[in-house]
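Trainee: In case you want the letters, here they are:
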Amino acid sequence: MSDVPENNQTPNPTPNVPEERKETPPALNQGSSEPVAKVPPPKPVISAEQLHASKQIVTKPITRPEASAADGTDMDRRTFIKWMTLGWAAFAAVLGGYGAMMMRFMFPNVLFEPKQSFRAGYPDEYPIGEVSERFKDKHAVWIVRDSEKIYALSTVCTHLGCTPNWLGNEGKFKCPCHGSGFYKTGINFEGPAPRPLERFKISLGDDGQIVIDKTKKFQQEKGEWNDPDSYLIV
Amino acid sequence: MSEEPKKRLIDKLEENYVWRSIFRTGVPRTRRQRMMVVLNSVFLHLHPVRLPKHAVKVKYTWCMGGLSFFVFLVLTVTGILLMFYYRPTVEYAYGDIIDLKEQVPLGIMREIHRWGAHLMVITVWLHMFRVFMTGSYKPPREFNWSVGVVLLVLTMLLSFTGYLLPWDQLAIWAITVGSNMAGATPFFGSSGPGASLLGIGDVNFVHAASDARFALLGGRFVGEATLLRFYVLHCIGFPFIIMIFMIVHFWRVRKDGGISGPT
Numbered sequence: 001m002s003d004v005p006e007n008n009q010t011p012n013p014t015p016n017v018p019e020e021r022k023e024t025p026p027a028l029n030q031g032s033s034e035p036v037a038k039v040p041p042p043k044p045v046i047s048a049e050q051l052h053a054s055k056q057i058v059t060k061p062i063t064r065p066e067a068s069a070a071d072g073t074d075m076d077r078r079t080f081i082k083w084m085t086l087g088w089a090a091f092a093a094v095l096g097g098y099g100a101m102m103m104r105f106m107f108p109n110v111l112f113e114p115k116q117s118f119r120a121g122y123p124d125e126y127p128i129g130e131v132s133e134r135f136k137d138k139h140a141v142w143i144v145r146d147s148e149k150i151y152a153l154s155t156v157c158t159h160l161g162c163t164p165n166w167l168g169n170e171g172k173f174k175c176p177c178h179g180s181g182f183y184k185t186g187i188n189f190e191g192p193a194p195r196p197l198e199r200f201k202i203s204l205g206d207d208g209q210i211v212i213d214k215t216k217k218f219q220q221e222k223g224e225w226n227d228p229d230s231y232l233i234v
Numbered sequence: 001m002s003e004e005p006k007k008r009l010i011d012k013l014e015e016n017y018v019w020r021s022i023f024r025t026g027v028p029r030t031r032r033q034r035m036m037v038v039l040n041s042v043f044l045h046l047h048p049v050r051l052p053k054h055a056v057k058v059k060y061t062w063c064m065g066g067l068s069f070f071v072f073l074v075l076t077v078t079g080i081l082l083m084f085y086y087r088p089t090v091e092y093a094y095g096d097i098i099d100l101k102e103q104v105p106l107g108i109m110r111e112i113h114r115w116g117a118h119l120m121v122i123t124v125w126l127h128m129f130r131v132f133m134t135g136s137y138k139p140p141r142e143f144n145w146s147v148g149v150v151l152l153v154l155t156m157l158l159s160f161t162g163y164l165l166p167w168d169q170l171a172i173w174a175i176t177v178g179s180n181m182a183g184a185t186p187f188f189g190s191s192g193p194g195a196s197l198l199g200i201g202d203v204n205f206v207h208a209a210s211d212a213r214f215a216l217l218g219g220r221f222v223g224e225a226t227l228l229r230f231y232v233l234h235c236i237g238f239p240f241i242i243m244i245f246m247i248v249h250f251w252r253v254r255k256d257g258g259i260s261g262p263t
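Chains as they are written, first to last, in our numbering: chain A, 1 to 234; chain E, 1 to 263.
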């Protein structure tokens, strides 16, 4: 009851509310200009209409956005959502593009890696029954010649990747890390190594030199040592 | 006798314009001032204005979250110091690590970084264990638990990338084994299941020079490119990401009602 005079002091929009709902700009102009003239002076007694008017004041801010959206200068909801969807889609596309670029960036076109194949001299440089450590340090390969063929063994232990030592007196490769042992053929026989040493592709080059290609490996447990690329008949 | 000049000195210091521009609250004498000091400082405001009694009970929290953060700060400081001497190349990396131990003043700096790294993995795990055993992952803290899991993974990744940098046999083979796991990723690893399905005719899209392992190593095996890649990830990439997640983690601890306590 006590706040009613306060409400009456504010412009009374009651008569204008229907006009505000009209979808044309003039209605809005009318709405903003007319109340000033029509405002009645504060009355001490409250009628039912005034009580209703005070409710209209509360609803006024809710009706206003609809009216302003209809005056043509602002976007309506549908257009706004359309543009926003388009905007977000464009943003997502650009972001996705950048993401793809970043992914691609991590895959270099040129590798500065040591060559994976090398020439290992002529076959008669390797005596029968010997394990050559000539390329152990540089290329991590043992070249072994038995009575009928030459093969290239990887020096990487199949347990955890250490480099075993060739113990000529005992005729075995022995890994210093965990004690894995391999025969001259590369077959494992002691220690934790789960499988034989790997062999690399070996062939004879145009100049008669042995060519070893480390990109192609042969694993005994897969039966690949029978592959003619894995040994060289001399 | 001595009270008067001391008080005057403090007053003088406080009335100073520069001092007041930095410390708005002045010497906290009331409860309200004490709260304002905490609220007005960017560093102090990380800490709650008021603590429940249980939050300082070491028996309940083990202080493992705080210790993890502390160790992270130690690792950041020592790590930046190590960067002044360490060069991430095949030629220099191993020698620089030896030099850091034997020639650089305070050779223990590198060891602090190494021990700190081990310690952080331990404290993060213990923190996770504590949170699990006290049921602190339950609502409303379930999101923060997930953030914590990401932080754990990032801690492990930091540990993994830092492992390669000494460039000794242990490092090279550890990363060889670790990155071979990436090569066994389904579809994205060249030796993983499904990789051979991705291709047209004889053209294989996922091979040793295009798979997840290759992206990780920057080559077909652990080499120069890998060392540089891991160095950048270890010093810039992962610390940057982990800090973002740490901000969210700490913020959520506060927003979810502070450190959980016995109910």
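Hints are not guaranteed to be accurate.
No more than 25 Å apart at the CA atoms, straight line, and that leaves these computed lysine to any residue pairs for SDA-like [stated by the list, open to error]:
1) Lys222/A - Asp168/E
2) Lys138/A - Gly219/E
3) Lys214/A - Gly178/E
4) Lys136/A - Arg78/A
5) Lys184/A - Arg50/E
6) Lys214/A - Glu142/E
7) Lys222/A - Gly192/E
8) Lys115/A - Lys138/A
9) Lys174/A - Thr176/E
10) Lys201/A - Glu142/E
11) Lys222/A - Ala171/E
12) Lys214/A - Val27/E
13) Lys136/A - Ala90/A
14) Lys138/A - Arg220/E
15) Lys138/A - Pro196/A
16) Lys82/A - Asp168/E
17) Lys214/A - Arg119/A
18) Lys149/A - Leu160/A
19) Lys115/A - Asp207/A
20) Lys217/A - Glu142/E
21) Lys138/A - Thr176/E
22) Lys138/A - Asp168/E
23) Lys255/E - Thr176/E
Calculated Cβ distances over 10 Å to all of chain A for the following chain E residues [unchecked claim]:
24) Tyr17
25) Glu111
26) Ile122
27) Arg141
28) Val147
29) Val177
30) Ala184
31) Gly199
32) Arg220
33) Phe221
34) Glu224
35) Met243
36) Val248
Rather than coming from a laboratory, the hints here were simulated on the basis of the structure.
Just so it is clear, CB atoms sit at the ideal spot from N, CA and C, and this is done for glycine as well.
Trainee: A separate judgement is required for each hint: does it hold in the structure or not?
Mentor: A quick look at each hint next to the structure:
Distance restraint check for Lys222/A and Asp168/E: the Cα-Cα separation of roughly 32 Å exceeds the 25 Å cut-off, and the hinted pair is therefore not satisfied. With a C-alpha separation of about 19 Å, the suggested pair Lys138/A and Gly219/E falls inside the 25 Å cut-off, and the hint holds. Proposed proximity of Lys214/A and Gly178/E is supported: the alpha carbons are some 21 Å apart, at most 25 Å. Distance hint between Lys136/A and Arg78/A is unfulfilled; the C-alpha atoms sit about 73 Å from each other, more than 25 Å.
At most 25 Å may separate the alpha-carbon atoms for a hinted pair to count; Lys184/A and Arg50/E exceed this at roughly 73 Å. Taken as a hint, the Lys214/A and Glu142/E pair is broken in the structure, with Cα atoms around 50 Å apart against an allowance of 25 Å. With a CA separation close to 17 Å, the supplied pair Lys222/A and Gly192/E stays within the 25 Å bound. Restraint check for Lys115/A and Lys138/A: the C-alpha separation of about 11 Å stays at or below 25 Å, so the hint holds.
Restraint check for Lys174/A and Thr176/E: satisfied, since their Cα atoms lie roughly 21 Å apart, inside the 25 Å limit. For a cut-off of 25 Å, the pair hint linking Lys201/A to Glu142/E is broken: about 55 Å separates their Cα positions. Among the hinted pairs, Lys222/A with Ala171/E is inconsistent with the structure: their alpha-carbon atoms are about 29 Å apart, more than 25 Å. Between Lys214/A and Val27/E the CA atoms are separated by roughly 73 Å; this puts the pair beyond 25 Å, and the hint is violated.
A C-alpha spacing of about 56 Å is found between Lys136/A and Ala90/A, which places the hinted pair above 25 Å, so the restraint is violated. A distance of roughly 18 Å separates the Cα atoms of Lys138/A and Arg220/E; the hinted pair therefore holds under the 25 Å criterion. Between Lys138/A and Pro196/A, the direct Cα distance comes to roughly 22 Å. Compliance with the 25 Å bound is thereby established for this hinted pair. In summary, the hint linking Lys82/A to Asp168/E is not supported, as the alpha carbons are separated by about 59 Å, beyond the 25 Å threshold.
For the given pair, Lys214/A sits about 11 Å from Arg119/A by alpha-carbon distance, which is consistent with the 25 Å threshold. With a CA separation close to 29 Å, the supplied pair Lys149/A and Leu160/A exceeds the 25 Å bound. Among the hinted pairs, Lys115/A with Asp207/A is consistent with the structure: their alpha-carbon atoms are about 19 Å apart, no more than 25 Å. Taken as a hint, the Lys217/A and Glu142/E pair is broken in the structure, with Cα atoms around 49 Å apart against an allowance of 25 Å.
Taking the CA atoms of Lys138/A and Thr176/E, the gap is near 19 Å; set against the 25 Å cutoff, the hint holds. As the CA atoms of Lys138/A and Asp168/E are separated by approximately 17 Å, the hinted pair is consistent with the 25 Å bound. This hinted pair does not check out: Lys255/E and Thr176/E have alpha carbons roughly 43 Å apart, beyond 25 Å. Listed as outside the interface, Tyr17/E is consistent with that label: its C-beta sits roughly 46 Å from the nearest C-beta of chain A, beyond the 10 Å cut-off.
Remark: the non-interface label on Glu111/E is consistent with the geometry, its nearest Cβ contact in chain A lying 24 Å away (cut-off 10 Å). Even its closest Cβ contact with chain A, about 24 Å, leaves Ile122/E beyond 10 Å, as expected for a residue assigned away from the interface. A cut-off of 10 Å between C-beta atoms confirms that Arg141/E is not in contact with chain A; the least separation is 31 Å. In this structure Val147/E is separated from chain A by more than 10 Å, as the shortest Cβ-Cβ distance comes to about 22 Å.
A Cβ of chain A approaches the Cβ of Val177/E within 10 Å, the least distance being about 7 Å, so the stated non-interface status is violated. Every Cβ of chain A is farther than 10 Å from the Cβ of Ala184/E; the closest lies at roughly 16 Å, confirming the non-interface assignment. Residue-level check passed: Gly199/E sits 17 Å from the nearest beta carbon of chain A, beyond 10 Å. Annotated as non-interface, Arg220/E brings its C-beta within 10 Å of a C-beta of chain A; the closest such distance is 7 Å.
For Phe221/E, the shortest C-beta to C-beta distance to chain A comes to about 7 Å, within the 10 Å cut-off, and the non-interface label is violated. The Cβ of Glu224/E does not lie farther than 10 Å from every Cβ of chain A; its closest approach is about 6 Å, which violates its non-interface assignment. No Cβ of chain A approaches the Cβ of Met243/E within 10 Å, the least distance being about 20 Å, so the stated non-interface status holds. The claim that Val248/E is not at the interface with chain A holds, since no C-beta of that chain comes within 10 Å of its own (minimum 20 Å).
Consistency with the previously given hints fails for numbers 1, 4, 5, 6, 10, 11, 12, 13, 16, 18, 20, 23, 29, 32, 33, 34, ordered from lowest to highest.
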